[in-house]
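S.K.: For the protein sequence lines, the chains are A and B, in the order given. If you're matching positions, the first sequence starts at 1 in the numbering used here and goes up one per residue. If you're matching positions, the second sequence starts at 1 in the numbering used here and goes up one per residue.
The set of hints was computed from the structure by calculation and includes no laboratory data. Only a predicted model underlies this, so the values are computations on that prediction, with no experimental measurement involved. Hints are not guaranteed to be accurate.
To be verified - Restraint-style ranges between C-beta atoms, simulated for each label pair:
no., chain 1, residue 1, chain 2, residue 2, range
1, B, A295, A, G122, 52 to 62 Å
2, A, I96, B, H189, 58 to 68 Å
3, B, H109, A, G108, 31 to 41 Å
Stated by the list, open to error - Calculated cross-link-like contacts (lysine-lysine; reagent style DSBU-like; alpha-carbon spacing at most 30 Å):
no., chain 1, residue 1, chain 2, residue 2
4, B, K325, B, K413
5, A, K116, B, K413
6, A, K89, A, K51
7, A, K89, A, K116
8, A, K116, B, K37
A virtual CB, placed ideally from N, CA and C, is assigned to each residue, including glycine.
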Amino acid sequence: MTTETRADVVPAPFAAPSTDDGGWQRRHLLDLDDFTVEELDLVMRTTDTMKEVLSREVPRVPALRGTTIFTLFYENSTRTRSSFELAGKILGADVINISASGSSVSKGESLVDTVKTLQAVGADVLIMRHNRSGGPYLAARTGQCSVVNAGDGTHAHPTQALLDLYTMRGALGDVRGRKVVIVGDLLHSRVARSNAWALTTMGAEVVVCAPPTLVPARLGEALEGHLPRVRVETDLDKAVVDADVVMALRIQNERMQGGYVPGVREYSRLYQVNGERVARAKPGALVMHPGPMNEGVEISHEVAHGLQSRVEEQVTNGVAVRMAVLWLLTRNSTKAAKAAAKGAL
Amino acid sequence: MTERIVILGGGIFGPATGKSELLGVLLEDGRISAVAKDIVVDGAREIDAKGLIVAPGFVDLHTHLREPGLEYKEDIASGTRAAARGGFTTVCAMPNTEPAMDNASIVEHVRREADARAAVRVLPIGAVSKGRKGTDLAEMGDLAAAGCVAFSDDGAPVYDATLMRRALEYANGLGLAIIDHCEDPSLAHDAVMHEGWVSTRLGLRGAPSAAEGAAVARDIALAEATGAHVHIAHVSTRGAIEAIRAGKARGVRVTAEVTPHHLTLTDELVAFGAHGGWDLMYDTNAKVNPPLRSADDVEACVAGLADGTIDCIATDHAPHAVIEKLCEFDDAAFGISGLETAFGLCMRLVHEQKISLETLIERLTIGPVRALGLDRFAPGIGTLDVGAPADFVLLDPDAEWVVDAASFASKGKNTPIDGVALKGAVVATYVGGVRVDRAEVLVG
Ligand SMILES: [Zn+2]
Chain A
1 MTTETRADVV PAPFAAPSTD DGGWQRRHLL DLDDFTVEEL DLVMRTTDTM KEVLSREVPR
61 VPALRGTTIF TLFYENSTRT RSSFELAGKI LGADVINISA SGSSVSKGES LVDTVKTLQA
121 VGADVLIMRH NRSGGPYLAA RTGQCSVVNA GDGTHAHPTQ ALLDLYTMRG ALGDVRGRKV
181 VIVGDLLHSR VARSNAWALT TMGAEVVVCA PPTLVPARLG EALEGHLPRV RVETDLDKAV
241 VDADVVMALR IQNERMQGGY VPGVREYSRL YQVNGERVAR AKPGALVMHP GPMNEGVEIS
301 HEVAHGLQSR VEEQVTNGVA VRMAVLWLLT RNSTKAAKAA AKGAL
Chain B
1 MTERIVILGG GIFGPATGKS ELLGVLLEDG RISAVAKDIV VDGAREIDAK GLIVAPGFVD
61 LHTHLREPGL EYKEDIASGT RAAARGGFTT VCAMPNTEPA MDNASIVEHV RREADARAAV
121 RVLPIGAVSK GRKGTDLAEM GDLAAAGCVA FSDDGAPVYD ATLMRRALEY ANGLGLAIID
181 HCEDPSLAHD AVMHEGWVST RLGLRGAPSA AEGAAVARDI ALAEATGAHV HIAHVSTRGA
241 IEAIRAGKAR GVRVTAEVTP HHLTLTDELV AFGAHGGWDL MYDTNAKVNP PLRSADDVEA
301 CVAGLADGTI DCIATDHAPH AVIEKLCEFD DAAFGISGLE TAFGLCMRLV HEQKISLETL
361 IERLTIGPVR ALGLDRFAPG IGTLDVGAPA DFVLLDPDAE WVVDAASFAS KGKNTPIDGV
421 ALKGAVVATY VGGVRVDRAE VLVG
């Protein structure tokens with residue numbers, strides 16, 4: 001009903017995705033750990049629609065006109081922020097950026113106060129990057145606006161995992177039964193966590209690979225429902241055999257200093273995704289990386305820019321996926337939708 | 001004029017003697033003067049305890065009263081009122097105050113304030129090191145003379161092994177124990193919860209169980225080497241309990257306590273909250289140190305309590321202000337406000353038939369008294385012996401109630417079980433024959 005009503009108010013912005021929404025009720029996107037196959041499918045289908053919008057000569061639709069989006073970033077990430085900002089603007093939303101530096105946030109204002117303030121000035125959606133795991137959950141409990149987790153601490157990065165899934169589906173058709181190898185700092189990676197949930201839910205075989213010091217506690221054990229069902233393999237040469245996708249994660253310098261691994265040289269010798277290792281995977285296997293890449297460390301220059309690399313496509317798909325997420329989260333609750341609903345009465 | 005009170009019709013627990021039977025208790029001038037069948041005394045005030053259990057008042061070896069210096073979290077009046085509501089008639093005040101209780105003048109100040117404003121008896125614990133900095137011994141002799149019943153740097157472990165050795169030796173000369181918060185900080189570095197599947201799922205830094213086990217093993221080795229008495233605060237891991245069990249079997253002077261939350265709650269509370277939903281993911285009220293552990297650790301804690309490896313239950317009552325919990329999980333303060341829920345929470349173990357009611361009451365009363373030898377400081381507490389102070393509680397083991405943090409007497413409303421139904425309630429608490437859990441009554 002809402003979709004149709006909207007169509008009256010907003011001049012047919014795009015071919016609305018199927019109304020069979022799998023009972024989508026979400027107001028927030030915090031993680032993918034409780035997403036169903038149907039929900040993930042809906043995001044994928046909606047992303048298809050958004051890709052069509054992006055391919056237009058003038059990629060602008062007023063679907064979120066009247067919606068106010070705040071991006072609140074406690075960590076710098078130009079690429080993620082601009083991807084969200086672009087997604088919001090293409091859909092006609094007002095997007096206001098707040099960073100932890102240069103605002104009251106840096107003066108020690110609490111997260112709860114910040115969220116309340118943003119809500120008071122009319123935020124409908126809060127896109128939040130936080131250096132603390134769980135920060136967006138606190139924001140979601142605090143306010144009435146929709147909260148999108150744009151990466152929290154070492155916990156989750158759901159839109160990254162959605163765009164990765166979208167990229168894989170684009171190349172492979174379906175990920176069911178496909179072997180996806182994720183290699184890198186699993187202990188601190190929010191990308192790995194969210195990808196593991198989404199991919200295992202969609203039926204992929206997920207093998208995670210890291211030095212034993214960077215494998216989080218109990219990952220890989222049979223803890224159905226508690227942790228994603230992945231296999232842990234600490235030898236990358238074994239892990240990549242027959243893989244359909246090889247995804248390298250960024251290894252941060254501080255992990256080297258933190259004593260998790262002896263050093264960059266040994267890490268790249270043992271865990272770098274390079275040509276030799278990609279050759280052990282299936283022919284034409286996809287090479288992915290959430291960026292930004294440390295070329296020569298976790299991924300070799302040749303592979304990062306080689307024919308099998310999907311890194312650039314990941315970035316493009318990022319905008320479409322974020323458009324889909326913003327649309328799905330707000331279509332029933334934005335001012336436009338509320339106005340439309342009122343008008344219908 | 002002598003005031004006489006008779007308690008009639010209750011089931012009497014005298015854990016010191018191991019008896020539980022229907023008897024009457026006669027109180028005269030704040031002391032117990034008779035425990036017998038059919039007490040009839042003319043002119044005595046009667047307390048009707050029909051259907052209730054009469055037990056000695058509980059004794060808590062581990063209470064953070066926060067005074068002096070941290071009164072925004074708790075003070076002696078509010079903390080001891082919370083104790084009274086929870087059935088505790090004696091609490092041992094931890095010295096991690098501001099400034100720390102590391103010298104006699106602060107101890108004297110706390111005792112004076114307690115005399116004036118406390119609802120229950122307060123026994124101070126002195127710091128092990130000056131300023132709790134872990135480098136130089138505090139003036140333990142002065143602290144002992146001022147009335148400290150043990151020493152602890154709780155809030156932090158005594159990290160330096162040589163300082164711990166010296167502290168054990170020095171305290172032993174004074175006949176007192178060192179209470180250690182056992183955690184190897186180089187292993188538990190920056191951790192905010194237990195290391196397990198929940199920490200993996202939530203992306204939070206976890207403390208491995210071995211961080212506690214390693215510290216407990218060290219302390220037992222040092223107690224064995226020095227012949228001194230070490231008391232392990234709030235044990236929470238199977239490894240630590242096994243080390244204590246083995247130490248006791250060898251005759252090492254090691255005693256231990258466990259908190260109600262480590263006996264009943266697991267790390268899953270951090271993820272799911274006490275109501276089993278996702279609304280409370282990253283519940284900062286479940287952030288506590290030592291952290292809530294795995295179900296296996298909880299099982300080991302219960303078994304250790306049942307077989308006596310763990311001598312007693314202590315609350316580690318750690319009240320905090322709202323803003324210290326209303327923040328990101330990493331930034332939240334550690335601690336649970338536990339005095340008022342201790343009995344109800346522990347009664348779960350009785351209703352689930354994991355321990356007997358007798359054992360539970362023993363571990364809340366004479367257990368802690370014996371662990372630290374507190375009868376030297378307050379003769380008779382933890383018992384209903386003739387001549388003991390009339391510190392007792394009336395308990396209803398089957399009364400159902402719902403935890404309401406907002407109504408706590410404690411300033412700390414930080415509990416992960418707000419809104420949870422418990423079975424087993426403290427009906428009334430008396431100190432020296434005076435009821436203290438309701439009115440603004442003061443001891444003395
Ligand atoms: Zn402690």
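S.K.: Quick one, are K325 of chain B and K413 of chain B close enough, alpha carbons at most 30 Å?
M.R.: Roughly 10 Å separates the two Cα atoms, so the pair holds.
S.K.: Please work out if K116 of chain A and K413 of chain B have their alpha carbons no farther apart than 30 Å.
M.R.: Within the cut-off at roughly 22 Å; holds.
S.K.: Would you mind confirming whether the straight-line C-alpha gap from K89 of chain A to K51 of chain A stays at or under 30 Å?
M.R.: Roughly 15 Å separates the two Cα atoms, so the pair holds.
S.K.: Taking 30 Å as the top limit, are the C-alpha atoms of K89 of chain A and K116 of chain A close enough?
M.R.: The hint holds at about 24 Å.
S.K.: Determine whether the Cβ-Cβ distance between I96 of chain A and H189 of chain B falls within the hinted range of 58 to 68 Å.
M.R.: 38 Å, violated
S.K.: 31 to 41 Å was suggested as the range; check whether the CB atoms of H109 of chain B and G108 of chain A agree with it.
M.R.: For H109 of chain B and G108 of chain A the Cβ distance comes to about 33 Å; the hint holds.
S.K.: Given the hint of 52 to 62 Å, check if A295 of chain B and G122 of chain A actually sit that far apart at their C-beta atoms.
M.R.: 46 Å, violated
S.K.: Holds or violated: are the alpha carbons of K116 of chain A and K37 of chain B at most 30 Å from each other?
M.R.: 64 Å, violated
Comparing the model with each numbered hint stated earlier shows that hints 1, 2, 8 do not hold.
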